[in-house]
Amino acid sequence: MSILNIQNLLKQFGGLKAVNEVSFEVNQGDRVGILGPNGAGKTTLFNLITGFIKADSGSVTFQGENLIGMLPEKIANMGLVRTFQIVKPFKEMTVYDNLKIATLSNKMKREIKSEHERKVWIEKIAEMSELSHVLGVNVDLLPHGYLKKLEVAKALTANPTVILLDEPFAGLTHQEIDPISRVIMRANEENGTTIVLIEHRLKEFMKLVERIVAIDYGEKIAEGTPTEIINNPKVIESYLGKGGADLVNS
Amino acid sequence: MKKKLSIPTLLVLLGTLMLFLFPVLSDDLYLITVFAIALLYAVYAASWDLLSGFTGKENFGHAAFIAIGAYMLGFISQHFAIQPYLSIPIAAVLSFIFGILIGLPTLRLKGPYFALATLAVATIMERLTYSLSDITGGEDGLYGIEFLTGDETSSFYFVLIFAVVAIYILYRIGKSNFGLTLKAIKSDDDAAKALGIYTDRFKVLAFGISAMFAGIAGTISGHYYSYVGPDIVFPLSLNIIIMCVVGGLGGIIPAALGGFALSYLSEMLRDFGEWNQLIYSGILMLTVIFLPRGVFNIIGDLFKRSKDSPVEMISKEVEK
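Residue numbers (this note's numbering), protein chains in the order written: chain A, 1 to 250; chain B, 1 to 320.
Hints are computed from structural coordinates only; laboratory data are not their basis.
Incorrect hints may have been included.
In the SDA-like style, the derived pairs of lysine to any residue whose C-alpha atoms are separated by at most 20 Å in a straight line are [said to hold, decoys possible]:
| hint | chain 1 | residue 1 | chain 2 | residue 2 |
| --- | --- | --- | --- | --- |
| 1 | A | K74 | B | D189 |
| 2 | B | K175 | A | E115 |
| 3 | B | K110 | B | V204 |
| 4 | B | K304 | A | G136 |
| 5 | B | K304 | A | K203 |
| 6 | A | K203 | A | G145 |
| 7 | A | K91 | B | P292 |
Computed from the model, here is a short list of chain A residues facing chain B with C-beta under 10 Å [to be verified]:
| hint | residue |
| --- | --- |
| 8 | G51 |
| 9 | K54 |
| 10 | I68 |
| 11 | P72 |
| 12 | T83 |
| 13 | F84 |
| 14 | T103 |
| 15 | H200 |
| 16 | L202 |
Listing some non-contacts, in silico: residues in chain B with all C-beta distances to chain A over 10 Å [what the hints assert, rightly or not]:
| hint | residue |
| --- | --- |
| 17 | F80 |
| 18 | L132 |
| 19 | G196 |
Because the structure is a prediction, the values reported are computed rather than measured.
Every residue, glycine too, gets a C-beta built ideally from N, C-alpha and C.
Given the sequences, and given the hints that come with them, work out the whole structure.
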């Protein structure tokens, strides 16, 4: 049974259909990618699923509950946690305190019984996210690659069932991408966290996900394995324009 | 985990001890009064800092909270003989509720809109004190409120103990997970929500706590002066902001020290007559320009041991 079920999700901004009747399902333990050119509606889709924007119609069902109309903080407490494309570290505090914030939600207060347990949990996530050596550093002094890693680590510290990652590799070099890629794989394989990922960096993206949902102009244009998707004429056209598929195949 | 006391902490404790000893060593009643009032300002500033310094919402109407405590006392003292120990819990409950009521509609406002809304609350209350002069005494205020205690020295001790306890509680709240969450909300509300933090609840609660301590301090000031009036309440809003900015935001103690120091300073500058305002304003401008993080935050930083810079830490990791 699917853990996250999106049906006919629709959002209009004025006359623009940012997300147009998109449907797809995510199963427990999946690593799903959302692919699409700039402005295709990927981030809007995340905003709709996590309650930051209210959908016009359609449904988002998470573990059997309809999320439409719920507050973002409530959705996060249910175990559906997102990250942001533009990093949002909590300024003027250490990496440790940034992760600590994620343990102060109602959900984590139930799961963590003592300050000692809290510390052990934060250190475990820091170790997994390869941030142990900078736990005491003020985030204002961290380079961008570390902030991207912190963005993922913060979400993992909230112990999500499903994590929605919005372009975790954006603006990074290949050396910087590798550790984040490892963190995502470890979260999936060791903790069983379900991954939904938006990315543009195709090479790393294709290695990471098992299934891809391709979106263009707010509509779902294809769904399949990475190999199927890169050979799909519609997907190629969305990136290269009309006739792009012929160009590639010629 | 036992920590050694840092030098700034020791200095603050030493200063507090000196205040406790002062009436024993000196019989200068003028200075004792100056200190008592400076201590009340320290509480005003500390309570402002918990809301505004921690969540980044600059409250331009803190006097409204103080007025609730002060006028509640003024009102009941006209009708009942009231002892300080009874008025304080009433002030606490009343101003806490008032803070929540102001917090609920304004919590989504940002920047200048929030500032204007809070300014409006204080202005409306000031107008009300004039138009409801039957109850509030209007411009003349209300006289004849029961003193804290029989004599100056014990009144001073009352204020001192109250200030120490109040500032310490606010400091602990600021250091707690609650305070950390407020700082996260200040940095990025959406990021906190995305992790499951009910940010609105935290903000409203911060309003309540900030108002509660301001209200209690307002009540105690009424007892101390034996008087409640618009002239000692409503000009406070702006002064408190200045004190907090000069002292330093987001740590309670720097703000409280700012409140104490500037209150003392403005009293000492009276000797300069008409130069008084010029010197006071000059000091303010210089600190804002050269020490934007606040005098006492900067002094605190001076004593911090410098650790490895993050660049070194990261490069060490790479070398491994």
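Results of checking the hints against the structure:
1. A distance of roughly 14 Å separates the Cα atoms of K74 (chain A) and D189 (chain B); the hinted pair therefore holds under the 20 Å criterion.
2. At roughly 14 Å between alpha-carbon atoms, K175 (chain B) and E115 (chain A) fall within 20 Å of each other, so this suggested pair holds.
3. For the hint linking K110 (chain B) to V204 (chain B), the alpha-carbon distance of about 14 Å falls within 20 Å, and the restraint holds.
4. Under the criterion of a C-alpha separation no larger than 20 Å, the hint pairing K304 (chain B) with G136 (chain A) is consistent with the structure, at around 14 Å.
5. Taking the CA atoms of K304 (chain B) and K203 (chain A), the gap is about 45 Å. The hint is violated against a cut of 20 Å.
6. Taking the CA atoms of K203 (chain A) and G145 (chain A), the gap is about 18 Å. The hint holds against a cut of 20 Å.
7. With a C-alpha separation of about 17 Å, the suggested pair K91 (chain A) and P292 (chain B) falls inside the 20 Å cut-off, and the hint holds.
8. Among the interface hints, the one on G51 (chain A) holds; its C-beta lies about 9 Å from the nearest C-beta in chain B, closer than the 10 Å criterion.
9. For K54 (chain A), the interface hint is violated, the least distance from its beta-carbon to any beta-carbon of chain B being 14 Å, above 10 Å.
10. Below 10 Å, beta-carbon pairs count as interface contacts, and I68 (chain A) has none with chain B, the closest being about 17 Å; its hint is therefore violated.
11. The interface hint given for P72 (chain A) is met, as the beta carbon of that residue sits about 5 Å from the closest beta carbon of chain B, less than 10 Å.
12. The interface hint given for T83 (chain A) holds, since its Cβ lies 8 Å from the closest Cβ of chain B, which is under the 10 Å cut-off.
13. Interface restraint check: F84 (chain A) against chain B, minimum CB-CB distance 7 Å, threshold 10 Å, status holds.
14. A hinted interface residue such as T103 (chain A) counts as satisfied when its beta carbon comes closer than 10 Å to some beta carbon of chain B; here the least separation is about 9 Å, so the hint holds.
15. Taken as an interface hint, H200 (chain A) does not check out: its beta carbon lies about 21 Å from the nearest beta carbon of chain B, beyond 10 Å.
16. The criterion of a C-beta within 10 Å of any C-beta in chain B is not met by L202 (chain A), whose closest approach is roughly 26 Å, and the hint is violated.
17. Separation of F80 (chain B) from chain A is adequate, the least Cβ-Cβ distance of about 43 Å exceeding the 10 Å criterion.
18. Every CB of chain A is more than 10 Å from the CB of L132 (chain B) (nearest about 40 Å), matching its label as outside the interface.
19. Listed as a non-interface residue, G196 (chain B) fails to keep its Cβ farther than 10 Å from every Cβ of chain A; the least gap is roughly 3 Å.
Checked against the numbered hints above, the structure breaks hints 5, 9, 10, 15, 16, 19 and satisfies the rest.
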